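Peer 1: Here the structure of chain F is known, so what remains is to put chain V with the ligands in place on it, guided by the hints.
First to last, the protein sequences are chains F and V.
Just so you know, this note's numbering puts 269 at position 269 of the first sequence, and the rest follows in order with no gaps.
Just so you know, this note's numbering puts 196 at position 196 of the second sequence, and the rest follows in order with no gaps.
Quick caveat, the hints were computed from the structure, so don't treat them as lab data.
Hints are all accurate, no fakes.
Some but not every residue of chain F turned toward chain V, in silico, with C-beta under 8 Å:
id, residue
1, Ala-158
2, Gln-159
3, Leu-163
4, Leu-176
Since the model is a prediction, treat every value here as computed from it, not as a measurement.
Just so you know, even glycine gets a beta-carbon here, dropped at the ideal spot from N, CA and C.
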Amino acid sequence: MIIKALRLNHFRNYQEEVFHFSDHINVITGSNAQGKTNLLEGLFFLSRGYSHRALTVSDMASFESDHFFIQADLMKETVHHKICITYQNKKKSLTVDDKKEKSHQRVLKIYNTILFEPDDLRIVKAGPEKRRRFMNEEISGMLPGYLPVLKKYRKVLAQRNALLKNIRYSPSMRPLLAGWNEQLVDYGVKLMAYRLDYLKQLNRSAKALHDVLSSNREQLSLYYQDNVIDRFVQMEAMRDAFMEKLQTSETKDIERGTTHFGPHVDDIIVKIDGRDARKYASQGQQRTAAIALKLSQMDIYHELTGDYPVVLLDDILSELDAHRQQNILSILGRSQAFITCTDSHFAGYYEEANKKIIHISDGHQIEI
Amino acid sequence: MGLYPKAIERLINELAKLPGIGDKTAQRLAFHLIDAPQTDITGLSEALLDMKDKVRLCPRCFSITDGDLCDVCKDPKRDKSVICVVENTRDIFAIERTHEYNGLYHVLHGAISPIEGIGPQDIKARELILRLGEDDVKEVIMATNPTPEGEATAMYLGQLITPMGITVTRLAKGIPIGADVEYTDEITLIKAFEGRKPIK
Ligand SMILES: Nc1ncnc2c1ncn2[C@@H]1O[C@H](COP(=O)(O)OP(=O)(O)O)[C@@H](O)[C@H]1O
Ligand SMILES: [Mg+2]
Ligand SMILES: [Zn+2]
Chain F
1 MIIKALRLNH FRNYQEEVFH FSDHINVITG SNAQGKTNLL EGLFFLSRGY
51 SHRALTVSDM ASFESDHFFI QADLMKETVH HKICITYQNK KKSLTVDDKK
101 EKSHQRVLKI YNTILFEPDD LRIVKAGPEK RRRFMNEEIS GMLPGYLPVL
151 KKYRKVLAQR NALLKNIRYS PSMRPLLAGW NEQLVDYGVK LMAYRLDYLK
201 QLNRSAKALH DVLSSNREQL SLYYQDNVID RFVQMEAMRD AFMEKLQTSE
251 TKDIERGTTH FGPHVDDIIV KIDGRDARKY ASQGQQRTAA IALKLSQMDI
301 YHELTGDYPV VLLDDILSEL DAHRQQNILS ILGRSQAFIT CTDSHFAGYY
351 EEANKKIIHI SDGHQIEI
Chain V
1 MGLYPKAIER LINELAKLPG IGDKTAQRLA FHLIDAPQTD ITGLSEALLD
51 MKDKVRLCPR CFSITDGDLC DVCKDPKRDK SVICVVENTR DIFAIERTHE
101 YNGLYHVLHG AISPIEGIGP QDIKARELIL RLGEDDVKEV IMATNPTPEG
151 EATAMYLGQL ITPMGITVTR LAKGIPIGAD VEYTDEITLI KAFEGRKPIK
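Chain F on its own, in the form it takes in the complex:
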């Protein structure tokens, strides 16, 4: 898929801008706080229906505005598509090829992005929450069925936790738990199954990529650290194991007012040469592993759909040494990429012929 053009009306610091892009490399340059990330945010938001950094949709409307409109024109194979999101009267609405869509599921079939920002270099080093978030975001981008299950799971978990706190004061409410346990297990098992499948693919793709990045000197392996089951088992057995965990920890759960077991406390263990990279790897090794995890999404998505996603690299290159910069650029292959950098870092990044440089200054583009 190739984004041909993007329109941003009253979106962040853009009033009415229309961008036309190169099919391959697009370099977005400019000083700090000019709107480079805002542009990538627009591209990401159109692909997923949520922003990676705005807490509410209204944050994305320009300061003087209570509405915005944003549109991408894209080519999927030989077919032209138009995706629009309008925010008006405090409501977000989506159209794909001028047809109203209730959910973002149709978009995921024609347009997907991989967003890579400096904070992602901490995927390996950071706490489990960062890795869970990574898993959630990437799987939702690949498999439209995942997000609805995740949302339901979170809802049920929040309800169960609220009930646990109530039970502490009124023990007679304890019989109500069963109804929530049942659902927590239903959605939880679905989530775990999704994640196990995904991890299998991630293991393969990230390892291959890591081989390239480390010139075959180091071996990457990933493990799903799941607090419910110890190894891959059938769904039915997973159900039983999860239910059993919930029952054995029920008293503790009530005391603390929180649910101790379930996919909401899962983690991915990243190992380099068999050792836990979070504890033992150097900063450089952790970053290389993080790059492998993130960019392997390209391959996974390709295996799944036969197409490459659009890659968004926000201030990533300046974080890396020259060798890793070159590595990343060669991994991008022929897929379309948007790469932001400040002017001072811009200097000889690209010999690439098929590129376009877009200079951003205070919400306006100046083509070079």
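Peer 2: Chain V with the ligands only, in chain F's frame:
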């Protein structure tokens, strides 16, 4: 805003309180009403007052009625051995449109939701259990919404009712997850009724 005469401002404010009506629509409706003939205005105001005066909850099933019992409870042809439990009165009308169901109803007026502090005592759950003790009911169909709250409510009531020797069934999952009974199309609803299953 302060631009309109007070009487109009008041009307706009009242209209804007209604669900699905924003400020703009409220203004449009208000100006439509200004131009409407006196008979229409009288008709509308009387309809509103009359509705409020006459409509009440049916003492048996807690659906709405303008008489003593609601039309369903009053109807001698309805099968009194089956009760279909719904969250809202509107769900009854959705189900009635299918002409598939001939039993009685029970409206809970909500679903259990610990986050919002809604427990069994806040919905018409006790009333349902009492009713089952009095009447000769053989089957209770849980037609609460397929939301986490609706499911939890159905399961909780199921736990209470099954030991009374009454079969408890749940509408089959023909209904898309997250959709409300009221908004489900008729075909799906009919399928869901046919495929209802006992709750373990
Ligand atoms: N809703 C908004 N309306 C108008 N301007 C905004 C909005 N949100 C952020 N900005 C402005 O956008 C600029 C930051 O843009 P950003 O894309 O993050 O910069 P950079 O070019 O460094 O990536 C800041 O000047 C900020 O004030
Ligand atoms: Mg930025
Ligand atoms: Zn009645």
